[in-house]
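Going down the list, the sequences are from chains A and B.
For the first sequence, my numbering begins at 1 and goes up steadily by one.
For the second sequence, my numbering begins at 1 and goes up steadily by one.
If you're looking for bench data, these hints aren't it; they were derived computationally from the structure.
One or more hints might be untrue.
Claimed, not checked - Calculated lysine to aspartate or glutamate pairs in the DMTMM-like style (CA-CA distance at most 25 Å, straight line):
hint, chain 1, residue 1, chain 2, residue 2
1, B, K331, B, E67
2, B, K39, B, E135
3, B, K10, A, D89
4, A, K146, B, D343
5, A, K15, B, E187
6, B, K274, B, E177
7, B, K341, A, D255
8, A, K81, B, E71
9, A, K81, B, E72
10, A, K193, B, E312
11, A, K24, A, E12
12, B, K38, B, E71
13, A, K146, B, E191
14, B, K341, A, E12
15, A, K81, B, E11
16, B, K10, A, E273
17, A, K140, B, E187
18, B, K341, A, E252
19, A, K82, B, E67
20, B, K331, A, D255
21, B, K38, B, E72
22, A, K193, A, E273
23, A, K238, A, D226
24, B, K38, B, E67
25, A, K219, A, D255
26, B, K341, A, D89
27, A, K24, B, E191
Being a predicted model, the structure only gives us computed values, none of them experimental.
Letter by letter, the chains look like this.
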Amino acid sequence: MNPNYNYAFLDEGSKREIRRATLKAVAIPGYQVPFGSRELPIGRGWGTGGIQLTLSLIGPEDVLKVIDQGSDDSVNAVNIKKFVSLCTDVPTTVHTREATLVQTRHRIPEAPMSNRQILVLQVPLPEPLRIVEPREEITKRMHAEKDYAPMWLQLYESLIRYGRVTLSSEYPCMVEGRYLLNPSPIPRFDTPKLNGSECLYLFGAGREKKIYAIPPHTKVQPLAFDDVPFRRETFAGKRCRLCGSENTYLDEMFDAATGERQYQCSDTSYCQEMCAK
Amino acid sequence: MAYVAVSGGKEAIEASIRLLDWYRSGTPLDLELEAIEKKLSLLVDRVMGEAGLYSPAYAALALRQCEGSVEEAVFLLRAYRSTLARRHCTLPADTAGMRVVRRISAAFKDIEGGQMLGATYDYTHRLIRFEADSEGAQSFHDRLRALCAAQPPEPITPCPRVSDTLKRDGLLDVYAENNETPFDVTENLLEFPAPRSARLQTMARADTGFLSGLAYSSLRGFGQVHPTVGELRTGYVELCVPYLFDSTQSIYVGEILITEAECLTEADDRGQLKLALGYGAVFGRNENKAIAMAVVDRELNHPGPNPAQNEEFVLTHGDSLEMNGFLSHLKLPHYVTFQSKLDAVRNTRRQGDESKL
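Please build the complete structure, drawing on both the sequences and the hints.
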């Protein structure tokens, strides 16, 4: 910990302001709360929304886990942990169960999370309606009026054209039947974990200056037609080459020497625990 | 050195940072901070402006730390800015009382208070001087300082604005002074339509290249504005903060160098024409950015189909930190989302799939 910086880098007033926005987000599940996003020594677009949430929440009693693409050892995760340890003395862990705060990019851990944990998600584009409407002024009005027709139309058009809903990750979800929410670029595989969860999900978009939340036990439904169910990515017939899991999200990769196609768990911590069993 | 994102990230980052030091240590010659600050001042000005932090010494420090990359230097200053408590707000600075070092008008041959060409590269021949300066740095410095010291000092007289004259003639609309607290985009999310103070603050901090390109598109026909530079002035402006114990008093805290531009265009005035004004102001001597800002400010009053006329487009895409942050994030691993994309693509290509409705 570098004593030249305030605890958790930001000044106390900024942290309090971020926590106020967070409380509002928890009170209105799925609603994007604007906040005065601060600049950090880490690039905008590299998780600064998530980091600001983490910095505003973290205290000496916390245990932090940071993952990127499911991995604790990925360059971005390492870099964020390095930054947090520059300005706090909080211990870090790779074990999901030991952490009080988990910051993540693109994944929700495979191990279920409990009600004493917070999962902070880094969000590049918080606005689920951005794919149908580029103007913030208009999308804000659409949310106010709960006008999600263009989004349904988008789903319908992709069905007609491709016979499938072609949205891949960051699949839009309705929260408690009121706000349409972008769950950040988690794969569809992770989307059902948002529904009726035990832990608090916080979403931070630093560049876009928005915070939103899914509190525990909230109803979160991916947009889907009654007769065309929502589908997750399938890895049928494939298993992790390391731990043998058949029910996890797999990374597809190619052997550096032979070029052979291989699969292994994207959640490296879960994979190691399964290997150890 | 292999780049392995999934494992060995820590070692790779450490090695990468060592390698940066290798690039930064390319020659045994020293790059002194004072030399960067005083001899690369236009670069320093640009960095301070885009960072929104007036500190030539820290801008020089930042530039030296990142091999002279503008966006990295802006980044360093912005991040440093986040650590500073905001203890005071200066009173509005009166640029009419500016200690002018350059002042020109393209609208009138002669203006009240006079034109002063000042320092500009506009009228130099852009020929690289291949022969190295034979004069040493010390002698160069001393000679120019002596030359300046030998001049009799001119009294500082406040210059009226060119636009004041046009306002008196009834050609420009006159607005009441707006003393509302300006919207601060560094502490609030910008919402649209944006207050003008937010628009001007955002553009003053915008990337120079972005703003210049937008203004250029407007001049070329993707817009309505081909303005006349009514006035461009560069000079030192005094900054004061309120004195806590006596509201009629203020405390002088220093001066900053800024460039201010006012651009004039024709505008409709119910069956006849009038003039309208676009305004730009930036830190230091970044003249083209000040002019570009004035052009775009004017353009934003004409909602229309062109990029420079779309307020949300202009104000959300010009921040150096934001654009470079998001562009560079594309270098981060995206295995999970790409896997998800692959799944979506492959699903549409399956022959005889049960889902072909």
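Against the structure, the hints:
1. Taking the CA atoms of K331 (chain B) and E67 (chain B), the gap is about 20 Å. The hint holds against a cut of 25 Å.
2. Between K39 (chain B) and E135 (chain B) the CA atoms are separated by roughly 16 Å; this keeps the pair inside 25 Å, and the hint holds.
3. Distance hint between K10 (chain B) and D89 (chain A) is fulfilled; the C-alpha atoms sit about 19 Å from each other, no more than 25 Å.
4. About 30 Å separates the Cα atoms of K146 (chain A) and D343 (chain B), which puts this hinted pair outside 25 Å; it is violated.
5. Distance restraint check for K15 (chain A) and E187 (chain B): the Cα-Cα separation of roughly 12 Å lies within the 25 Å cut-off, and the hinted pair is therefore satisfied.
6. With a C-alpha separation of about 20 Å, the suggested pair K274 (chain B) and E177 (chain B) falls inside the 25 Å cut-off, and the hint holds.
7. Straight-line distance between C-alpha atoms of K341 (chain B) and D255 (chain A) comes to about 21 Å, which keeps the hinted pair within the 25 Å bound.
8. At roughly 24 Å between alpha-carbon atoms, K81 (chain A) and E71 (chain B) fall within 25 Å of each other, so this suggested pair holds.
9. For the hint pairing K81 (chain A) with E72 (chain B), the CA-to-CA distance comes to about 21 Å; that is within 25 Å, so the pair holds.
10. Restraint check for K193 (chain A) and E312 (chain B): the C-alpha separation of about 35 Å exceeds 25 Å, so the hint is violated.
11. Between K24 (chain A) and E12 (chain A) the CA atoms are separated by roughly 19 Å; this keeps the pair inside 25 Å, and the hint holds.
12. With a CA separation close to 20 Å, the supplied pair K38 (chain B) and E71 (chain B) stays within the 25 Å bound.
13. As the CA atoms of K146 (chain A) and E191 (chain B) are separated by approximately 19 Å, the hinted pair is consistent with the 25 Å bound.
14. A hinted pair counts as satisfied when its Cα atoms are at most 25 Å apart, and K341 (chain B) with E12 (chain A) does not qualify at roughly 41 Å.
15. As the CA atoms of K81 (chain A) and E11 (chain B) are separated by approximately 14 Å, the hinted pair is consistent with the 25 Å bound.
16. With a C-alpha separation of about 21 Å, the suggested pairing of K10 (chain B) with E273 (chain A) holds against the 25 Å cut-off.
17. Restraint check for K140 (chain A) and E187 (chain B): the C-alpha separation of about 20 Å stays at or below 25 Å, so the hint holds.
18. Of the pairs offered as hints, the one joining K341 (chain B) and E252 (chain A) holds, with about 12 Å between alpha carbons and a cut-off of 25 Å not exceeded.
19. Distance hint between K82 (chain A) and E67 (chain B) is fulfilled; the C-alpha atoms sit about 23 Å from each other, no more than 25 Å.
20. Distance check on the hinted pair: K331 (chain B) and D255 (chain A) sit about 21 Å apart at the alpha-carbon level, within 25 Å; holds.
21. Among the hinted pairs, K38 (chain B) with E72 (chain B) is consistent with the structure: their alpha-carbon atoms are about 20 Å apart, no more than 25 Å.
22. The suggested pairing of K193 (chain A) with E273 (chain A) holds, with an alpha-carbon distance near 20 Å, which does not exceed 25 Å.
23. Of the supplied pair hints, the one linking K238 (chain A) and D226 (chain A) is violated, its CA atoms being roughly 29 Å apart against a limit of 25 Å.
24. Under the criterion of a C-alpha separation no larger than 25 Å, the hint pairing K38 (chain B) with E67 (chain B) is consistent with the structure, at around 17 Å.
25. For the hint linking K219 (chain A) to D255 (chain A), the alpha-carbon distance of about 41 Å lies beyond 25 Å, and the restraint is violated.
26. Simply put, K341 (chain B) and D89 (chain A) have alpha-carbon atoms about 39 Å apart, too far for the 25 Å limit, and the pair is violated.
27. With a C-alpha separation of about 18 Å, the suggested pairing of K24 (chain A) with E191 (chain B) holds against the 25 Å cut-off.
Checked against the numbered hints given earlier, the structure breaks hints 4, 10, 14, 23, 25, 26 and satisfies all the rest.
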